[in-house]
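*Asks:* Now for the letters of each chain:
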Amino acid sequence: MTPVVEFRNLSVRFGDTEAVSDVSFAVEPGEIVAIVGESGSGKSVSALTTLGLLPSTAKVSGAVSHAGVPITSMTPAQLRDLRGNGIAMVFQEPMTALNPLLTIGTQVAEGLRLHRGISRAEAAREALRLLELVGIPEPERRVHQYPHELSGGQRQRVVIAMAVSCDPEVIVADEPTTALDVTVQAEILALLRRLRDELGTAIVLITHSMGVVAELADRVIVMYRGEVVEDGDVFELFEHPRHAYTRSLLDAVPRFTKDVRPGPAAGEGPAALQLDGVVVDFGRFRAVEGVTLEVAPGEILGLVGESGSGKTTIGRVAVGLVRPSAGSVRLFGTELNGLRGAALRTTRARAAMVFQDPASSLDPRMTVGDTIAEPMVLQKVGDRLLRQRRAAELVDAVALPSDALSRYPHELSGGQRQRVSIARALALDPGLLIADEPTSALDVSVQATVLELLRSLQRELGFSCLFISHDLAVVDALADRVAVMHRGAVVESGERTAVFTEPRDDYTRALLAAVPVPDPRAQRKR
Amino acid sequence: MTRYVGVRLLQAIVVIFIVVLIVFFLLHRIPGGPARGILGQQATQQQIDDFNHAQGFDLPLPVQFGRYLGQMVTGDFGDSYVENQRVGDLVADRLPKTLVLTGLATLLALLVAVPLGVFQAVRRGRASDHVLSMVNFVLYSTPVFFLGFVLIIVFAQRIPLFSAQAPQGGTLVEILSDPRGLALPVITAAAGMIAVFSRYLRSSVIDNLHEDFVRTARAKGASEPYLLRKHVLRNSLTAIVSMIGYYIPVAFGGALVVEQMFNYPGMGLLFWNAAQRSDFPVLLGVVFVIAVATVLGSLLADIAQRLIDPRTRKVTP
Numbered sequence: 000m001t002p003v004v005e006f007r008n009l010s011v012r013f014g015d016t017e018a019v020s021d022v023s024f025a026v027e028p029g030e031i032v033a034i035v036g037e038s039g040s041g042k043s044v045s046a047l048t049t050l051g052l053l054p055s056t057a058k059v060s061g062a063v064s065h066a067g068v069p070i071t072s073m074t075p076a077q078l079r080d081l082r083g084n085g086i087a088m089v090f091q092e093p094m095t096a097l098n099p100l101l102t103i104g105t106q107v108a109e110g111l112r113l114h115r116g117i118s119r120a121e122a123a124r125e126a127l128r129l130l131e132l133v134g135i136p137e138p139e140r141r142v143h144q145y146p147h148e149l150s151g152g153q154r155q156r157v158v159i160a161m162a163v164s165c166d167p168e169v170i171v172a173d174e175p176t177t178a179l180d181v182t183v184q185a186e187i188l189a190l191l192r193r194l195r196d197e198l199g200t201a202i203v204l205i206t207h208s209m210g211v212v213a214e215l216a217d218r219v220i221v222m223y224r225g226e227v228v229e230d231g232d233v234f235e236l237f238e239h240p241r242h243a244y245t246r247s248l249l250d251a252v253p254r255f256t257k258d259v260r261p262g263p264a265a266g267e268g269p270a271a272l273q274l275d276g277v278v279v280d281f282g283r284f285r286a287v288e289g290v291t292l293e294v295a296p297g298e299i300l301g302l303v304g305e306s307g308s309g310k311t312t313i314g315r316v317a318v319g320l321v322r323p324s325a326g327s328v329r330l331f332g333t334e335l336n337g338l339r340g341a342a343l344r345t346t347r348a349r350a351a352m353v354f355q356d357p358a359s360s361l362d363p364r365m366t367v368g369d370t371i372a373e374p375m376v377l378q379k380v381g382d383r384l385l386r387q388r389r390a391a392e393l394v395d396a397v398a399l400p401s402d403a404l405s406r407y408p409h410e411l412s413g414g415q416r417q418r419v420s421i422a423r424a425l426a427l428d429p430g431l432l433i434a435d436e437p438t439s440a441l442d443v444s445v446q447a448t449v450l451e452l453l454r455s456l457q458r459e460l461g462f463s464c465l466f467i468s469h470d471l472a473v474v475d476a477l478a479d480r481v482a483v484m485h486r487g488a489v490v491e492s493g494e495r496t497a498v499f500t501e502p503r504d505d506y507t508r509a510l511l512a513a514v515p516v517p518d519p520r521a522q523r524k525r
Numbered sequence: 000m001t002r003y004v005g006v007r008l009l010q011a012i013v014v015i016f017i018v019v020l021i022v023f024f025l026l027h028r029i030p031g032g033p034a035r036g037i038l039g040q041q042a043t044q045q046q047i048d049d050f051n052h053a054q055g056f057d058l059p060l061p062v063q064f065g066r067y068l069g070q071m072v073t074g075d076f077g078d079s080y081v082e083n084q085r086v087g088d089l090v091a092d093r094l095p096k097t098l099v100l101t102g103l104a105t106l107l108a109l110l111v112a113v114p115l116g117v118f119q120a121v122r123r124g125r126a127s128d129h130v131l132s133m134v135n136f137v138l139y140s141t142p143v144f145f146l147g148f149v150l151i152i153v154f155a156q157r158i159p160l161f162s163a164q165a166p167q168g169g170t171l172v173e174i175l176s177d178p179r180g181l182a183l184p185v186i187t188a189a190a191g192m193i194a195v196f197s198r199y200l201r202s203s204v205i206d207n208l209h210e211d212f213v214r215t216a217r218a219k220g221a222s223e224p225y226l227l228r229k230h231v232l233r234n235s236l237t238a239i240v241s242m243i244g245y246y247i248p249v250a251f252g253g254a255l256v257v258e259q260m261f262n263y264p265g266m267g268l269l270f271w272n273a274a275q276r277s278d279f280p281v282l283l284g285v286v287f288v289i290a291v292a293t294v295l296g297s298l299l300a301d302i303a304q305r306l307i308d309p310r311t312r313k314v315t316p
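Residue numbers (numbering that gives the first Met the number 0), protein chains in the order written: chain A, 0 to 525; chain B, 0 to 316.
By construction, these hints were calculated from the structure, which means they are not laboratory data. Take the hints with a grain of salt, since some may be wrong.
[To be verified] Have a look at the derived ranges for each label pair, beta carbon to beta carbon:
id, chain 1, residue 1, chain 2, residue 2, range
1, B, Gly-124, A, His-143, 34 to 44 angstroms
2, B, Gly-124, A, Ser-359, 26 to 36 angstroms
3, A, His-409, B, Arg-228, 34 to 44 angstroms
As the structure is a prediction and not an experimental result, all values here were calculated from the model. C-beta: ideal position from N, C-alpha, C; glycine also.
Work out the full structure: start from the sequences and follow the hints.
*Replies:* In structure tokens, the structure reads:
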């Protein structure tokens with residue numbers, strides 16, 4: 000059989016950098032091939048090449064062909080004919096991948112109208128059929144709705160419906176579940192598998208997640224710095240990774256462990272953070288519904304939940320950024336409710352936050368040294384010299400080179416930037432660190448080192464930590480105790496191993512079951 | 000939607016009240032007052048006092064303001080000091096003419112700016128884009144009166160294509176039936192708008208061209224003209240729609256100069272003449288109309304935005 004997509008010695012250059020070098024592989028009809036790699040590995044550039052969607056600055060050599068026809072030398076008209084028809088694409092961000100001003104029905108049938116020239120009435124019927132195919136409830140109502148009226152998972156189903164509309168031989172899916180919650184991710188992966196089984200469509204799956212690979216792929220291609228370093232059967236690759244990079248990638252994936260870690264050194268004094276019956280309303284929407292939880296001195300509490308569960312709001316309540324409508328918030332025994340002005344600022348200074356996206360939480364016009372010293376300036380701690388010395392200490396503590404002090408955020412990598420955020424958070428020697436998804440924007444190997452850093456700093460400095468994350472494996476790797484949030488309430492909390500190995504709540508069980516485990520055999524049994 | 004409009008109308012009334020309040024007190028703080036302006040330099044103090052008493056200007060300002068408000072809500076804006084007419088009648092006569100002028104100018108501006116902005120966005124970074132951007136900046140930075148003079152010299156005197164005098168007819172029909180006279184005032188008023196709108200549209204189209212949904216549509220096999228028409232332009236126009244609403248006060252400001260320049264019998268000319276002669280009731284009346292138009296403009300823009308953009312409508316999950 001002719002492969003549906005074939006890469007032959009493909010290289011793509013942008014200026015002086017080679018994004019993809021000498022990549023060769025083929026995708027057979029009906030096959031699911033995963034391309035894994037970290038950011039900058041060239042996996043997305045390879046994906047865009049299959050549709051001729053590279054920016055005009057790209058220099059391409061070698062060839063990518065579809066059913067034997069080279070895509071790289073097609074005319075614009077031939078390319079248009081190929082796109083959506085022979086090869087379709089599913090993108091990462093379902094929130095922005097749909098036009099906000101057009102109805103779902105119009106967009107789902109758009110490809111058919113473009114390629115088959117069918118009538119409006121026919122297109123409407125087809126849209127309905129496609130929405131049913133991808134399992135969207137109430138398709139009759141949904142066709143007339145606009146993207147903002149659908150949830151993220153439903154929007155991704157719509158994007159997939161568009162992709163299969165013209166019955167393509169291949170779907171190229173670029174991180175199709177990265178922006179989604181784990182339970183939704185599991186559904187979308189199941190849908191992709193079902194569509195392959197029913198329609199025989201081959202899928203090229205671009206992902207950074209070994210869990211997703213294990214769940215869906217037949218074959219895996221590992222890319223590193225633009226090159227294919229390993230290409231093999233999914234079971235074979237997970238059990239006997241040949242290349243050192245593949246091994247390190249697999250090792251970096253956080254896994255559930257049953258091993259018992261030494262508990263936190265019993266701290267003294269009042270709880271670092273104590274929430275009692277906290278309720279938060281945003282207008283008519285109740286974001287948090289009576290949450291009671293405690294972070295003991297020297298303890299790491301992992302707060303897990305999906306988007307909209309209220310976990311981020313809890314983090315903001317803890318430092319007084321959001322005022323609860325009811326309930327009490329105590330930071331080291333001091334009630335935050337009712338505190339204002341200077342008193343609130345002083346109390347708040349005992350807690351520090353690390354945010355998710357280091358690219359946007361650092362001021363691009365401030366040097367690393369100034370960024371780290373800023374909390375001390377705001378709290379009027381020490382003089383200029385002392386602050387500089389402290390910043391240098393902190394840079395050292397988070398294992399950044401000392402010349403980083405005079406650099407700007409854009410000169411640093413994502414992992415380095417997150418280290419700066421951590422250093423800034425530690426500037427005032429806080430008793431409580433609140434980390435909201437601090438590693439979610441990072442590659443797995445970087446994530447592993449940042450987690451390791453957090454753990455060793457915590458052991459050394461003994462601060463308490465509220466660690467907020469959607470990633471159960473990450474929480475498992477770090478937390479002493481775990482609280483699970485669902486729809487604004489804590490549904491389960493307890494010792495880490497207890498919650499993760501013997502969950503009592505149905506939602507916790509569903510959440511755990513949905514986590515893609517980087518083990519294809521275990522995955523297929525589910 | 001009804002509730003939304005209701006709340007916005009209430010806000011509008013408050014805003015208009017505050018505007019009238021501020022302008023009223025500012026006008027009555029002008030040294031000399033209207034008496035000197037109207038009665039002239041030769042008037043004796045006795046004559047001025049008599050005038051002030053007759054007009055109620057010797058009463059405390061808040062009382063005067065109360066009186067004015069009381070008349071205003073009944074639709075009575077007082078009489079012009081200078082012309083022997085009621086302010087309401089003057090404004091009612093001039094307002095439609097100004098609306099025709101600014102309306103035509105806005106229409107012309109859109110007809111030129113939309114294709115121009117899209118063209119520049121598509122050709123961004125190329126020579127044609129740079130040249131057009133330069134023309135744009137020249138248009139934008141040219142003072143209206145100067146542009147008007149240049150246009151008159153070139154298109155009315157050197158090449159007598161149009162008339163340097165605006166239509167003088169008393170009715171809208173007479174004005175509209177004189178396109179040779181209308182052309183230059185409309186073009187002059189439109190020039191600034193063309194520069195702003197096309198600049199705005201250019202960046203809006205560029206932003207939208209980079210949107211994920213445009214990439215999605217491209218990956219479906221859509222051609223570039225189709226993408227522009229179906230996905231980019233509508234998303235870009237929402238921005239322009241609200242811009243037009245907020246542009247109303249600027250357009251009136253432009254009309255002030257243009258009308259004076261071409262002797263166009265609109266509200267701008269009325270305002271200009273009234274300001275020269277301290278004709279306070281007329282000034283207040285015109286300010287009131289502009290305040291209403293401004294508030295109404297932004298309200299209409301917001302409503303239009305809601306109609307175009309489904310995201311601002313009520314969510315039905």
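*Asks:* For each hint, tell me whether it holds in the structure or not.
*Replies:* Each hint tested on the structure:
Checking the proposed 34 to 44 angstroms range against B/Gly-124 and A/His-143 shows it holds: the Cβ atoms sit about 40 angstroms from each other. Checking the proposed 26 to 36 angstroms range against B/Gly-124 and A/Ser-359 shows it holds: the Cβ atoms sit about 27 angstroms from each other. For A/His-409 paired with B/Arg-228, a C-beta distance near 37 angstroms keeps the hint of 34 to 44 angstroms intact.
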